[in-house]
Amino acid sequence: MFRNNYDNDSVTFSPQGRIFQVEYASEAVKQGSVVVGIVSKTHAVLAAIKRNAEELSSYQKKIIPIDSHYGIALAGLASDARVLSNFMKQQSLASRLTYDRAIPLSEITSRIADRAQTNTQQYGKRPYGVGLLIAGVDAKGPHLFEFQPSGVTQEMVACGIGARSQMARTYLERNLDEFEGASREELVKHALRALKESLSQDKELTIDNTSVGVAGVGENFKLYEGSDIQNWLETTFENREGDAAAEGEGMEVDDS
Amino acid sequence: MNHLPQAWGRPRDDVYGAYDASHLQTSGPQQHTQSPIVTGTSVVAVKFKDGVVIAADNLASYGSLARFTDVKRLRKFNSQVVVGFGGDVSDMQYLDRLLSSLDIRENYSTTETPLNAKNLHTYLSKVMYKRRSDFNPLWNHILVAGLEHENKPFLASVDLLGTTFSSPTLATGFGAHLAQPILRRVVPDEATVESVSREQAVALVKECMKVLFYRDARSLDKYSIAVVTKDGIDLKEDEKLESQSWAFAEGIRGYGTQVN
Amino acid sequence: MASVFSGAPPQGGPGYSFSQTRIATSSGIREHSFYPYTDNGGSTLGVSGADFTILAGDTRSTSGYNINTRYAPKLFKIGGEGPDGTGARIVLSVVGFAADGDALKERLDTIVKMYKYQHGKPMSVAACAQRLSHILYNKRFFPYYVHAILGGLDEEGRGALYSYDPVGSYEREQCRAAGAAASLIMPFLDNQVNFKNQYIPGSGVGHALEQRVPEPLPRKDVEELVKDAFTSAVERHIEVGDGLQMMIITKEGIQETFSELKKD
Numbered sequence: 001m002f003r004n005n006y007d008n009d010s011v012t013f014s015p016q017g018r019i020f021q022v023e024y025a026s027e028a029v030k031q032g033s034v035v036v037g038i039v040s041k042t043h044a045v046l047a048a049i050k051r052n053a054e055e056l057s058s059y060q061k062k063i064i065p066i067d068s069h070y071g072i073a074l075a076g077l078a079s080d081a082r083v084l085s086n087f088m089k090q091q092s093l094a095s096r097l098t099y100d101r102a103i104p105l106s107e108i109t110s111r112i113a114d115r116a117q118t119n120t121q122q123y124g125k126r127p128y129g130v131g132l133l134i135a136g137v138d139a140k141g142p143h144l145f146e147f148q149p150s151g152v153t154q155e156m157v158a159c160g161i162g163a164r165s166q167m168a169r170t171y172l173e174r175n176l177d178e179f180e181g182a183s184r185e186e187l188v189k190h191a192l193r194a195l196k197e198s199l200s201q202d203k204e205l206t207i208d209n210t211s212v213g214v215a216g217v218g219e220n221f222k223l224y225e226g227s228d229i230q231n232w233l234e235t236t237f238e239n240r241e242g243d244a245a246a247e248g249e250g251m252e253v254d255d256s
Numbered sequence: 001m002n003h004l005p006q007a008w009g010r011p012r013d014d015v016y017g018a019y020d021a022s023h024l025q026t027s028g029p030q031q032h033t034q035s036p037i038v039t040g041t042s043v044v045a046v047k048f049k050d051g052v053v054i055a056a057d058n059l060a061s062y063g064s065l066a067r068f069t070d071v072k073r074l075r076k077f078n079s080q081v082v083v084g085f086g087g088d089v090s091d092m093q094y095l096d097r098l099l100s101s102l103d104i105r106e107n108y109s110t111t112e113t114p115l116n117a118k119n120l121h122t123y124l125s126k127v128m129y130k131r132r133s134d135f136n137p138l139w140n141h142i143l144v145a146g147l148e149h150e151n152k153p154f155l156a157s158v159d160l161l162g163t164t165f166s167s168p169t170l171a172t173g174f175g176a177h178l179a180q181p182i183l184r185r186v187v188p189d190e191a192t193v194e195s196v197s198r199e200q201a202v203a204l205v206k207e208c209m210k211v212l213f214y215r216d217a218r219s220l221d222k223y224s225i226a227v228v229t230k231d232g233i234d235l236k237e238d239e240k241l242e243s244q245s246w247a248f249a250e251g252i253r254g255y256g257t258q259v260n
Numbered sequence: 001m002a003s004v005f006s007g008a009p010p011q012g013g014p015g016y017s018f019s020q021t022r023i024a025t026s027s028g029i030r031e032h033s034f035y036p037y038t039d040n041g042g043s044t045l046g047v048s049g050a051d052f053t054i055l056a057g058d059t060r061s062t063s064g065y066n067i068n069t070r071y072a073p074k075l076f077k078i079g080g081e082g083p084d085g086t087g088a089r090i091v092l093s094v095v096g097f098a099a100d101g102d103a104l105k106e107r108l109d110t111i112v113k114m115y116k117y118q119h120g121k122p123m124s125v126a127a128c129a130q131r132l133s134h135i136l137y138n139k140r141f142f143p144y145y146v147h148a149i150l151g152g153l154d155e156e157g158r159g160a161l162y163s164y165d166p167v168g169s170y171e172r173e174q175c176r177a178a179g180a181a182a183s184l185i186m187p188f189l190d191n192q193v194n195f196k197n198q199y200i201p202g203s204g205v206g207h208a209l210e211q212r213v214p215e216p217l218p219r220k221d222v223e224e225l226v227k228d229a230f231t232s233a234v235e236r237h238i239e240v241g242d243g244l245q246m247m248i249i250t251k252e253g254i255q256e257t258f259s260e261l262k263k264d
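Top to bottom, those sequences are chains F, U and E.
Under UniProt numbering, residues 1 to 256 are what the first sequence spells out, in order.
Under UniProt numbering, residues 1 to 260 are what the second sequence spells out, in order.
Under UniProt numbering, residues 1 to 264 are what the third sequence spells out, in order.
Everything labelled a hint here was simulated from the structure, so no lab data went into it.
Glycine included, each C-beta is placed from N, C-alpha and C at the ideal position.
Take the hints with a grain of salt, since some may be wrong.
Claimed, not checked - DMTMM-like cross-link-like pairs, simulated, lysine to aspartate or glutamate; straight-line CA separation at most 20 angstroms:
no.: 1; chain 1: F; residue 1: Lys41; chain 2: U; residue 2: Glu150
no.: 2; chain 1: U; residue 1: Lys130; chain 2: E; residue 2: Asp39
no.: 3; chain 1: F; residue 1: Lys89; chain 2: E; residue 2: Asp39
no.: 4; chain 1: U; residue 1: Lys236; chain 2: U; residue 2: Asp70
As the list claims (entries may be wrong) - Computed Cβ-Cβ distance ranges for the label pairs, DEER-style:
no.: 5; chain 1: E; residue 1: Gly64; chain 2: F; residue 2: Val157; range: 55 to 63 angstroms
no.: 6; chain 1: U; residue 1: Asp234; chain 2: E; residue 2: Glu235; range: 41 to 49 angstroms
no.: 7; chain 1: F; residue 1: Gly226; chain 2: U; residue 2: Phe135; range: 51 to 59 angstroms
no.: 8; chain 1: E; residue 1: Pro83; chain 2: U; residue 2: Ser109; range: 16 to 24 angstroms
Based on the sequences and whatever the hints tell you, model everything.
What follows is the structure, encoded as structure tokens:
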């Protein structure tokens, strides 16, 4: 049960210089279903797999539009993400009210990073158990930021977090060179393909379990779900029917 | 001299009797500004096709006394905004410090996008409105001149009540009566701004400063003028009014030597 | 602050070598001479139809006899995204003290945005109208010095129009004029929108004369009425003029128009 003696709170280092509570929080991120984000010169895209706890329940929320110019995708504890997203919404509105300025993405990212860091240095606090991808467009163009429970944030060209996200990241790394010049449609397709990579064999992307968020230069952040993403799924995986058919044939051959 | 600063610079009690401190209030209600003390007069500004010209004289008056004759009432904010202050000078200096701290805060933050004129005007209007709502106003009328997004000229005003408005030409105080008609004759609407050159705008503002010096008793012939364009701010703080002449007065009944 | 200028010796420190300095007593409560309001003039009006609502306001802003600017909008889209208010379905018009008007607009806009964020659906006009009343009433001891008119479409798609006094008393109406020229425009609207003092010709004599029954006006007619109301108000009221801003709310969204008024 006890992994060691230094994981009861987030204010005590282990002799190896580690803070286990923070590391455990990062594990919570890996429990969440995968989310992917990519930026091009003109657009920022988020894509996510939604899980439903059971057949009868609704699907969880994975992408949250915060302000008209950006949104977040989450992996990990959804309730912690809600707290963070409320804070971000509040800060974004405040920026528009006091300065009549859409909050820069680097700014909002560093503000949640500061909050997260505080939780790793005060007794009785618990680190956030959620990782975020923050994507959108500000005065300096499209951006994608990654946020981790430790308070570490990084600006990314493409990123995937959550369960089995290593597969998605491998896809993103392989296609890295194509992102910068990619069109809006191409970028969405890359995100969906990356998402598909990290899916287990028996799972498919459907209009029910997939969310896509897009923002662009001169284009507000918009969340696409359900029938709105039908087209993207069809064009991205157009040979899917064929693959299934081929597999089916193979099976039949084996049978006979 | 003793080591008690409170006792310095006042009549010695042993010579003159106990100091009558009745005018010094140490308790009672918190007091707020009820009227301005040392004041600056008009600020005038006009938009032109690439930016904005703004000017204010260098005088700070104490009632009818021309108290300080070298007070700079135009203030740069980063490289694309100039703020012009009319009204109470101490409140101007407070706002100056406030803007300095805002600028430093912005420079230390992660964002590389500086606050533009519109952002700053919005911020100042919130400060002014908050203070009036607390019944503790900052007794100023402020013009914010500069550029907003895509380097569009921006000019707007905010006063001690938090009232805000924007116009191709603006003038505070006496200037609202004397300069604004002159400015509006040249730049009547937003569409005209596109056809006004920098030279025209500067000449227009200088003309206004002259008229104000002629007719505003609380004005000075030394003034500051700033031109804001995308290339930066050209601020001159020691300008002197040129080619003044009361020759025109000859033609005005009551000024010249003629009777009737 | 006051302690800096106090004549008292430092507390707990050595006293002056002179006799005790007297500490002043407060001279009593001084009356505030700062008045936190002003009137920025102008007028607004709203008319609701069968499937639309029109709000209109002139764009002049005044201080006494001065014109501050010829373009200061009094109509605001509520709950929309970005600087253009895209996607908004509600319009607020405010006339009176412009700084309070702007503050009120921003509060309501933020509330409607937060409502959408929290509930995942846009706020209804009726809910927004009641919320606006509460905002005004909560500040009744230091009121927002504005006459507000809120317009949109109700849940059945009919034109909805709500008018307010500065402390939150509100009512749903067919039409309302507010601001400097309200007393000039309102009687005109009573006659032309609600057909007051209009009788059916030949329906009788004296008390038998039948009142013409009001019915929702077509959009074209209302637009003409609004323009007539303002051109007339401009003639007789010095604080009204420069430009006419109109917002027409239909199920397609909000259509905004601007036309010139006399600048004298």
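Subject >> Structure versus earlier hints - violations, ascending order >> reply: Violated hint (a single one): 3; every other hint is consistent with the structure.
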